[in-house]
Amino acid sequence: MFEPQDPNRIQLNSQGQLRHFLTTEGLSRELLTEILDTADSFIDMGAKQIKKVPLLRGRTVVNLFFEASTRTLSTFELAAKRLSADVLNLNISTSSTSKGETLKDTLMTLEAMHSDMFVVRHADSGAAHFIASQVTPEVAVINAGDGRHAHPTQAMLDMLTIRRHKGAFEPLKVAIVGDILHSRVARSQIHALRTLGAAEIRVIAPKTLLPRHIEAMGVKVFTDMKTGLDDVDVIMMLRLQKERMNSALLPSESEFYKLYGMTTEKLAYASPDAVVMHPGPINRGVEIESAIADGPRSLILDQVTNGIAVRMAVMSMAMSGQMVEKQKHSVQAQ
Amino acid sequence: MFEPQDPNRIQLNSQGQLRHFLTTEGLSRELLTEILDTADSFIDMGAKQIKKVPLLRGRTVVNLFFEASTRTLSTFELAAKRLSADVLNLNISTSSTSKGETLKDTLMTLEAMHSDMFVVRHADSGAAHFIASQVTPEVAVINAGDGRHAHPTQAMLDMLTIRRHKGAFEPLKVAIVGDILHSRVARSQIHALRTLGAAEIRVIAPKTLLPRHIEAMGVKVFTDMKTGLDDVDVIMMLRLQKERMNSALLPSESEFYKLYGMTTEKLAYASPDAVVMHPGPINRGVEIESAIADGPRSLILDQVTNGIAVRMAVMSMAMSGQMVEKQKHSVQAQ
Amino acid sequence: MFEPQDPNRIQLNSQGQLRHFLTTEGLSRELLTEILDTADSFIDMGAKQIKKVPLLRGRTVVNLFFEASTRTLSTFELAAKRLSADVLNLNISTSSTSKGETLKDTLMTLEAMHSDMFVVRHADSGAAHFIASQVTPEVAVINAGDGRHAHPTQAMLDMLTIRRHKGAFEPLKVAIVGDILHSRVARSQIHALRTLGAAEIRVIAPKTLLPRHIEAMGVKVFTDMKTGLDDVDVIMMLRLQKERMNSALLPSESEFYKLYGMTTEKLAYASPDAVVMHPGPINRGVEIESAIADGPRSLILDQVTNGIAVRMAVMSMAMSGQMVEKQKHSVQAQ
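Chains as they are written, first to last, in numbering that gives the first Met the number 0: chain A, 0 to 333; chain B, 0 to 333; chain C, 0 to 333.
Please note that a few of the clues may not be correct.
Subject to a maximum C-alpha distance of 16 Å in a straight line, what follows is the list of computed EDC-like cross-link-like pairs (lysine to aspartate or glutamate) [stated by the list, open to error]:
#1 C:103 with A:293
#2 C:47 with B:110
#3 C:165 with C:324
Bear in mind the hints are in silico, worked out from the structure with no lab data behind them.
Modelling step: build the complete structure from the supplied sequences, incorporating the hints.
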């Protein structure tokens, strides 16, 4: 539906600062590291009694969800409120479009209400880029997941979780397991891991759930867990996107679990101190065994905690970068 | 369903200040001008980084929507939050009434929760007046649209938009175009334009979409655009209220567009510096041509911006007028 | 579904302070009195212009409603906002469970987001206890109604209403009227009234709406209003829980009203200064005559006002008790 533009051009301002956050693709190692450092500073705050900072006070953040996602919406809503923003939740699929208004008109209307940020979730790949290409310099756009394309805040919370547990990316062998074909998360993770310098990135999936030419992204491809997990340090499980899958691609949940589900038996193939991650919500007994999900090597709940911090980080950074851009425009207009 | 009472008696307090905002009908030129002046002061604030004032801090504003309207609800929610109020959104059609509670009981319950303001949207004409006649002196009522009767904040944001672009009302010829019959907006606009002293007010519509005796409101009636738009300074388009129309009244959208849609060709009938307004959401190619909607003479997005400011103005003025009334009552009670 | 645990053990911290608020059962007279005293201090605040205190500023309160209830949700939402908390409303029946996530995973995820309080509404008896038994020391749980088991904030707002109108509990004869069998409210009221020392507690209901062995709770049982209301000081009507009743138990609304509805005629059986209460929303002409509901002896709207104050009280007390517990845990962990 939408044609993604060059992400580097659109998501950075003229000083090279983050202005929108649409994809991890093409962002520099310095910028990704800045996001992780900023998020680190918010993590300690989450454990405090008063979990608020006034960085977005008086700002209006609009959660523009064209696709329902309670969990992602909740994390962005909490992140925005902890930055002291005013939050407006709009479920667009059930609202203005039913009155026949176009997407562009919806955006212009929200801009005219002096919105400062759109957090966009959409079933179509490229939707967040399209919206970022349409908005005025007043508005920063955060991609909360678009079709099969990207889910960059999920990827960055995964990077933060890895860094906090493993220290550095350079020595790491990382395996991404599951439905690579339909996963915006996998794409965003691969871009981020490459940029941050992970030693080796592997994908493990049945052939039917692997995109063609995935090797071109710089990953090693495996179709079985025994060889794929051999000696890896980090295992990133994916959700089975049942709603996105043609049943022909996947015979049964139990068969998938037997071959690719994360179990104690399969975890033994990996490095002895390998950690296991999953973006949640988890399907126990389908993607992951409960003993692993609840065990000492699971980082699943750390990922949730880190997700709030990463969202606060990119929201505050993008707002800052958008202010610089806006001031430039207002100077040019004089 | 509801019998509107004398609006002057009910919406002003004993000092003649706004206490509820139910209709533009019967309000003095001084009071309408005070609303516009107050709104003007909020417009500059909207462009600032911190868009908040503490005028309603600690106050509870309840958006009481008996009829769904995402756009109107969003503008009132943002206006209330920028005044620092606590906001409670209640979609009454899907909640307490299903448990058999009467409207009066719902209102008394919300009052007992120490609500300070009800923003009311209802499909029945007179609903906001009825509610204002029932509430205690503690509560101010704002009409966010009631049936075919009134939509006063829409009319006032239109007046603000006209004044900011044309300066004064006295020299202006203004045409209101479209479905006059079903339009609460048109009624509220006509009352406001007359009170503010517009030189000439015209309505342009097919006969089937004109109320009987509309001339009695002090307007000139036209059924064709060529003569109706001749020499006008301001063109106010209306939405086609499809959901309110019997199909017998309107043969087809394309026929309506041909005769009454705002196009470049028809705009040429008007004054060379005529501006075009529309309450939104717009139906491109049905009510208005995209070249007009997006062109330099369109004020559609200014209307949205001004809508937040006008809502902040009437909310803060009504709350102030209600406090004066409440203090009077508490003195009398001693 | 859930097995309630000993409430004394779970809802108090090691200093005997409220840490969760799950049931009135087993709480001491001192603690119930402390809740009422704390709520009293919030009541005057409700009438002020600025109805906010910073007791929960920077805290995250999650309204976790597995069963819809607009009124109860609204009162908890307002109470949390007036304590300056950030509020997240989750309607769980329509969200994450549809993605197959277990309740335990939902809770752990919300904890990992650094939620401070869960306000839980659930159709199953014991759900709030189960959740309280699962959460980390970081989180306080408030029961907003679970199945037929308990609705303790409703009971405490009733106690507050009685105390504010009658002064002391010791001399009072109190009658609870209606569907005792299905009422979580009745159970919570009986526990609270006994603990606070009411002289006599009666239940009045048709045999089909009385639980077996209800006398064991220390109440006198009546099946007709004339003898049951004789000389009572407080009459507490219950809602007909139509959705919870098998039609075989209750022949018709009009028959129920004739026998057990609160009318002027039946009120004459009670003490001359008896007051009438009802948790709302009321069914006029089914449970209560309008002349009574709107009359001088009705305390129905006081109950609503007191409901906000009681919820603010238990939320702030539980948060305080949870902090003490959390500090103890963090000391032990060192």
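### Message
Tell me if the straight-line CA distance from residue 165 (chain C) to residue 324 (chain C) falls inside 16 Å.
### Response
violated (36 Å)
### Query
Would the pair residue 47 (chain C) and residue 110 (chain B) pass a check requiring their Cα atoms to be no farther apart than 16 Å?
Between residue 47 (chain C) and residue 110 (chain B) the Cα gap is close to 14 Å, so the pair holds against 16 Å.
### Message
For residue 103 (chain C) and residue 293 (chain A), compute the direct alpha-carbon distance and say whether it is at most 16 Å.
### Response
Given pair residue 103 (chain C), residue 293 (chain A) holds - Cα atoms ~11 Å apart, limit 16 Å.
Of the hints listed earlier, the one the structure fails to meet is number 3.
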